[in-house]
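Asker: This is what each chain is made of:
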Amino acid sequence: MFKAIVSAETLTSALDSISVLVDECKIHLEEDGLEIRAVDPANVGMVDLSLDASAFESYEADGGLIGVDLSRLEDIASMAESGQLVQLELDEETRKLQIQIEGLEYTLALIDPDSIRQEPDIPDLDLPAEVILEGKDVNRSVKAADMVSDHIALGVDEGEEYFYVDAEGDTDDVHLELTEADLIDLQVGPAHSLFSLDYLKDMNKAIPSDTEVTLHLGEEFPVKIYFGFAEGQGQVTYMLAPRIQSD
Amino acid sequence: MFKAIVSAETLTSALDSISVLVDECKIHLEEDGLEIRAVDPANVGMVDLSLDASAFESYEADGGLIGVDLSRLEDIASMAESGQLVQLELDEETRKLQIQIEGLEYTLALIDPDSIRQEPDIPDLDLPAEVILEGKDVNRSVKAADMVSDHIALGVDEGEEYFYVDAEGDTDDVHLELTEADLIDLQVGPAHSLFSLDYLKDMNKAIPSDTEVTLHLGEEFPVKIYFGFAEGQGQVTYMLAPRIQSD
Amino acid sequence: MFKAIVSAETLTSALDSISVLVDECKIHLEEDGLEIRAVDPANVGMVDLSLDASAFESYEADGGLIGVDLSRLEDIASMAESGQLVQLELDEETRKLQIQIEGLEYTLALIDPDSIRQEPDIPDLDLPAEVILEGKDVNRSVKAADMVSDHIALGVDEGEEYFYVDAEGDTDDVHLELTEADLIDLQVGPAHSLFSLDYLKDMNKAIPSDTEVTLHLGEEFPVKIYFGFAEGQGQVTYMLAPRIQSD
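Chains as they are written, first to last, in my numbering: chain A, 17 to 263; chain B, 17 to 263; chain C, 17 to 263.
If you are wondering where the hints come from, they were derived from the structure by calculation, not from laboratory data.
We put the beta carbon where it would ideally sit given N, CA and C, even for glycine.
All clues given are correct.
Examples of chain C residues lying across from chain B (beta carbon under 8 Å, computed):
1) T187
2) D188
3) H191
4) E193
Kindly generate the complete structure, drawing on both the sequences and the hints.
Answerer: Laid out in structure tokens, this is it:
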């Protein structure tokens with residue numbers, strides 16, 4: 017059983033943060049909210065999303081599991097005008113999702129969850145450095161690095177106490193330093209890792225520019241990127257594996 | 017003889033509602049205004065437009081006939097800024113149209129009307145159902161159907177008294193119901209017909225979202241779509257032939 | 017030695033007015049400001065730009081010469097938000113340009129000036145007619161001519177005292193007349209020359225619509241196009257060679 021009403025904005029935010037990594041996903045319809053975990057085909061980027069029942073206008077579920085085509089669901093949500101509500105209801109018999117937006121009914125065929133790539137186990141890493149910054153600074157870092165390279169290094173200078181972004185191109189280099197004054201918060205620790213810029217660009221697309229974003233970093237370790245949405249009732253964590261540095 | 021001055025907005029509205037169906041058209045320069053009728057190459061969609069002399073700042077004509085390339089004329093009209101006037105004058109000797117916009121003169125070669133597809137006789141059908149709705153609801157119907165199918169069914173439920181839109185895809189379906197409360201007016205009658213979505217999408221492009229649109233519908237009959245422009249001094253009627261329903 | 021701080025807007029205006037003609041250019045780092053001259057590969061369009069030291073927040077230079085990739089430098093300048101400053105500093109040892117924008121450091125490899133096409137000697141022509149008009153009227157002239165032709169004639173009618181634009185297509189013609197009332201100023205003189213529209217379209221891209229533009233014209237002579245930017249502390253002069261008229 018699943019029946020829920022949610023604002024189009026909240027639904028779209030949730031879907032967009034998954035669809036930057038995968039085309040299809042499994043959605044766990046838990047009693048206390050939705051849970052989604054997914055990993056990209058190359059096993060490099062993972063996402064873990066939860067959307068609490070309190071983020072919905074109304075929410076009823078009993079632990080089911082459905083598989084959805086994300087771009088389909090995003091198209092439907094885009095039919096809603098600002099402020100309109102989206103009603104979702106699972107038809108257990110036909111295994112279709114009934115979606116209603118102000119008189120418009122959409123019957124969405126679901127995907128067999130067993131046909132969707134297995135959900136990742138997101139490792140519980142103890143990363144030594146923590147950087148809290150605004151979404152627009154993540155965007156700026158990614159855009160700057162993209163001018164010169166396909167890779168981006170993220171790190172923390174423990175002595176000088178700043179977070180940095182480095183990108184080295186064939187001829188040009190980019191270096192960005194954000195001190196505690198530029199950041200919302202900084203917990204220094206040994207941290208320097210290289211990442212594929214393509215993944216970070218995709219993840220960045222889902223990060224609102226005015227959102228508080230938390231990065232957890234280590235030395236040649238994955239980065240964990242956390243941000244909330246739907247007034248904190250939705251949580252997204254990305255994890256991106258590092259690239260081995262070429263010297 | 018033909019000499020007229022008209023706002024760029026009015027001229028553009030008139031041209032756009034024809035150009036969604038055909039590239040070239042004949043324009044009748046009647047004493048009391050312009051008349052245009054055209055049918056697409058497949059004989060599926062027709063348009064009948066009249067623009068009264070009162071929609072012009074000044075208007076003089078004596079029943080001539082010209083053939084025009086619509087995209088050319090639209091390009092010229094797009095040179096006008098908001099609020100600017102367009103002056104049109106037919107040079108009988110050269111068979112060219114002199115167009116003036118604030119010091120800019122454009123000499124447009126006309127097309128031999130005999131080389132343009134014959135104008136359709138638009139049948140005077142007596143269609144039993146009438147639906148009056150806002151342009152934005154036409155847009156919403158077309159967009160929703162387009163997510164799942166190439167066809168769209170329009171109909172009226174006589175018992176429950178509502179207008180509906182249906183589209184059936186391979187896996188997903190769309191259904192939209194608009195009751196009298198959602199509509200401007202509804203005259204119920206037996207009505208259910210299937211149409212090619214491509215044509216309706218094209219016609220929809222010419223319908224302003226804040227305009228009152230009247231649909232005349234029957235059972236497996238064409239739909240007539242009527243709307244006014246230029247403060248009611250321009251009238252557009254589209255007629256779209258139905259598709260035979262496949263069961 | 018070169019070290020300067022300038023608003024992103026001023027830097028972008030300067031770069032854009034050069035990059036419409038060439039991909040790379042030499043920049044003279046004079047004591048009293050920057051000087052750039054360039055000619056397109058076909059030797060048809062030239063540009064001469066100066067940006068006075070007073071247009072900078074701070075400026076120090078001693079007559080050096082650097083070669084730059086314009087699209088690179090434009091990309092970097094586009095990283096600045098409105099109102100942000102760009103700091104430029106030449107590293108004499110590495111021959112790289114250090115560019116800083118609010119904590120972001122970009123190290124730009126320079127191009128060997130000797131590998132860049134030789135700078136043109138811009139002839140000091142004594143052209144008899146002068147037309148001063150708004151940038152938006154240059155834009156309108158170019159757009160109108162582009163509807164019918166690849167060429168554009170610019171001239172002055174000495175008897176009737178107006179500036180005109182002519183373009184002749186295979187079937188359609190465009191003619192625009194701007195009298196003294198439409199212009200900022202007009203010095204009549206014998207003037208009528210034909211130009212390639214492609215070049216004028218490119219130059220037009222760099223001309224702000226609300227800028228005062230001065231045209232110097234003659235009979236089958238080049239046109240000189242002058243406009244200022246950065247509150248008059250930057251000056252751009254384009255020179256465009258005429259096309260021989262075909263009769």
